[in-house]
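J.: So the sequence lines, in the order shown, correspond to chains A and B.
Position 14 (the first sequence) corresponds to 14 in the working numbering; numbering is contiguous.
Position 323 (the second sequence) corresponds to 323 in the working numbering; numbering is contiguous.
There could be a bad hint or two in this list.
Computed cross-link-like contacts, EDC-like style, restricted to lysine to aspartate or glutamate with a CA-CA straight-line distance of at most 16 Å [said to hold, decoys possible]:
1. B:K92 with A:E97
2. A:K137 with B:D28
3. A:K137 with B:D23
4. B:K285 with B:D219
If you're looking for bench data, these hints aren't it; they were derived computationally from the structure.
The structure presented is a predicted model; accordingly, all values stated were derived computationally and were not measured.
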Amino acid sequence: MRSQAVSVSPIRTRIFVGTITLFVIFSFCTLDAEARRRRGRDPFQKFQTGVWFGPITPIHTTADDVDTSLGGGGFIRSASFFDYFKIGVDSSYQYFESRGVNTLSLVPVYGNILFRIPLDFPLIFQLKLGAGGSWVKIRPDREDQWDPLFMVGFEGSFPAGKVVNIGLRIDYLLIYEKHLEGARRNGHIINTGISLYFNLF
Amino acid sequence: MNIAKGIGCLIGIIIMSFAGCGDEALFDELGGNRLTVILKGTYESNDPRPWTGAISADDSIDDCPGTEDVPPTKMMLDIAEMRVAQGKHYQKFANYRRTYTFPLTNDEPFFNGDGAEYRNDDVRPHFHWQTLKVYTRKMIFDGANQYQLEDDGDAFNGAGTWVFNDEVSEIFEEESVQGYDVNRVQLLTYYDSLREYSSSINRIFPIRIPIIDDLVFDDEDEKTILEVRIVVKNFLKKYELDAYGDYHYAYHLYGFSDWLRDINRDETVIGGNIIAVARSYVPGKTVTISGNCPAGKYIIAFSDAYTVSDFIVGDRTRPTCDEPKLTSYVVPGDLESLLDYYLMFESYKVDFNSFVACVDDGTYADEWEAYDDRLGVFMIPPLATWSSGGTYQLTNVPVGKTYHLYYADDPGSPSLPTTFLGHKVITVTSDMAGQTVSVNL
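Build the full structure now, drawing on both the sequences and the hints.
T.: Written out as structure tokens, the structure reads:
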């Protein structure tokens with residue numbers, strides 16, 4: 001018999017919402033003087049927001065159950081106190097179907113640290129490492145829950161003016177469930193797509 | 001201050017990772033399925049009767065003697081998908097095409113009571129699914145031959161010579177195989193072909209199979225079995241279908257017995273004789289019912305929701321008001337045959353005029369509709385076995401129900417039991433799961 005599903009208690013929900021709020025506030029609070037001075041020289045160092053869209057691909061064991069689809073999402077980024085490092089928050093909506101009746105819905109929400117590779121080059125390359133959570137829903141079982149998520153990724157972009165950058169991204173998302181008793185699988189997703197950055201302030 | 005803010009950001013990320021996490025292994029659930037579909041080709045749900053031997057010839061074989069005919073050795077089955085349904089509401093749960101080749105032997109799992117698995121996903125839980133729709137693309141039995149009628153050189157003996165032309169072949173699994181696809185002639189019954197909207201009738205895509213006691217899938221159970229039984233074993237016959245072109249052709253083929261809907265000579269369809277049933281059970285929540293019984297009998301069981309009359313077919317006699325067939329044919333180059341044909345045609349006209357009379361007075365429609373109503377509700381019982389010695393056992397009997405048991409005489413192959421005797425009742429409660437319950441018949 002599988003374990004009983006645990007519904008998220010109101011207290012845990014409050015902790016979760018509060019943490020998100022705190023994290024967003026902290027991200028904005030990196031707008032200190034040093035960061036402002038750097039941003040004045042390089043538009044890419046400004047506070048950024050953006051969107052992405054492209055193919056989302058299940059891999060490894062997840063590819064046995066659902067098929068490639070299209071997905072998209074958004075992100076915000078801010079410069080940090082270290083040169084070449086930024087902090088960001090990403091989220092997206094990803095829906096996968098299959099040949100059969102299985103479907104998988106994901107809403108990843110995670111923070112990440114981005115490292116800009118120091119190259120004197122018109123293109124900008126960034127490595128990303130992050131963690132967070134993902135809402136996972138499966139059908140036809142009609143079960144859903146939040147799972148821990150870890151990600152690693154790479155982005156390349158070029159400026160299309162001072163405000164806009166256009167780029168390509170590729171991210172690997174690991175939705176971790178093996179810490180659960182009896183679980184033998186994790187979720188493995190590759191996100192690829194075109195990104196549009198807006199360098200704000 | 002910067003360091004504090006940075007550390008706060010990282011702590012936020014970590015806490016966010018684990019706040020509100022569930023404890024279900026959803027990706028395991030996505031990858032696996034708790035419902036398993038098992039296909040069986042037997043009347044019996046366990047311990048089926050062995051193959052009885054020779055396959056009888058139907059009375060539709062009236063033209064060609066079939067000197068090269070051999071018995072079939074295998075059945076080839078091509079299923080496109082399966083769906084479950086309740087009324088007009090349905091769910092696709094087995095959208096995977098699958099082909100099978102089953103040797104007609106007692107060791108083959110499809111015929112020995114074990115069954116063959118069909119790939120599927122889970123169905124919507126806690127919903128009463130009443131019908132299983134099986135979308136069959138092909139059902140091929142080998143041993144099919146084509147003959148043609150040729151001139152025997154004597155123009156006045158009224159006869160010709162049936163010459164073996166070739167083995168009939170079909171495409172199966174992208175290869176040419178020897179056999180005849182009976183699926184194409186299962187589309188309609190003879191009754192269907194008489195009806196005004198016959199062009200929209202389709203009996204085999206899908207085959208609608210009743211699920212006895214419904215399928216109520218509980219996704220908390222580790223495993224649920226949906227057992228699907230199509231009566232093939234000891235239920236085959238040899239038929240003759242005619243075709244006309246450069247010659248009069250006769251096809252000798254094997255298909256499901258016409259025990260339920262009789263096939264007459266010179267008819268073009270042999271449908272309505274696929275008899276099937278489905279049932280579900282949860283391994284671990286079942287009992288075995290066993291006991292003593294008369295030898296050489298079929299033992300059946302069904303729950304309180306049904307009565308024995310649900311499994312007894314009404315009068316299978318075809319209506320007397322039936323379209324006559326012109327059964328004579330002309331042998332090429334034979335004058336005697338041509339004269340016989342004209343005489344038979346006159347007789348046919350007399351018969352046809354009588355037929356028109358019973359059509360006009362409504363007898364035709366009434367009889368055929370009543371015929372199909374009687375036969376259309378026939379089902380085979382969910383639990384059945386064969387007792388060769390003086391004992392029997394019925395396995396995987398779901399708990400929580402009251403069962404009625406009967407035994408029936410051997411009707412002879414290729415027929416099904418119609419008279420059930422020795423009524424016994426047993427109530428199987430949940431605490432009896434895993435046990436063997438004794439009921440002597």
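J.: CA of K137 (chain A) to CA of D23 (chain B), is that 16 Å or under?
T.: Given pair K137 (chain A), D23 (chain B) holds - Cα atoms ~13 Å apart, limit 16 Å.
J.: What's the verdict on K92 (chain B) and E97 (chain A), does the C-alpha distance respect the 16 Å limit or exceed it?
T.: holds (13 Å)
J.: Does the alpha-carbon distance linking K285 (chain B) and D219 (chain B) stay inside the 16 Å limit?
T.: Given pair K285 (chain B), D219 (chain B) holds - Cα atoms ~14 Å apart, limit 16 Å.
J.: Given the hinted pair K137 (chain A) and D28 (chain B), is their alpha-carbon gap at most 16 Å?
T.: holds (13 Å)
The structure fails none of the hints (numbered hints given earlier).
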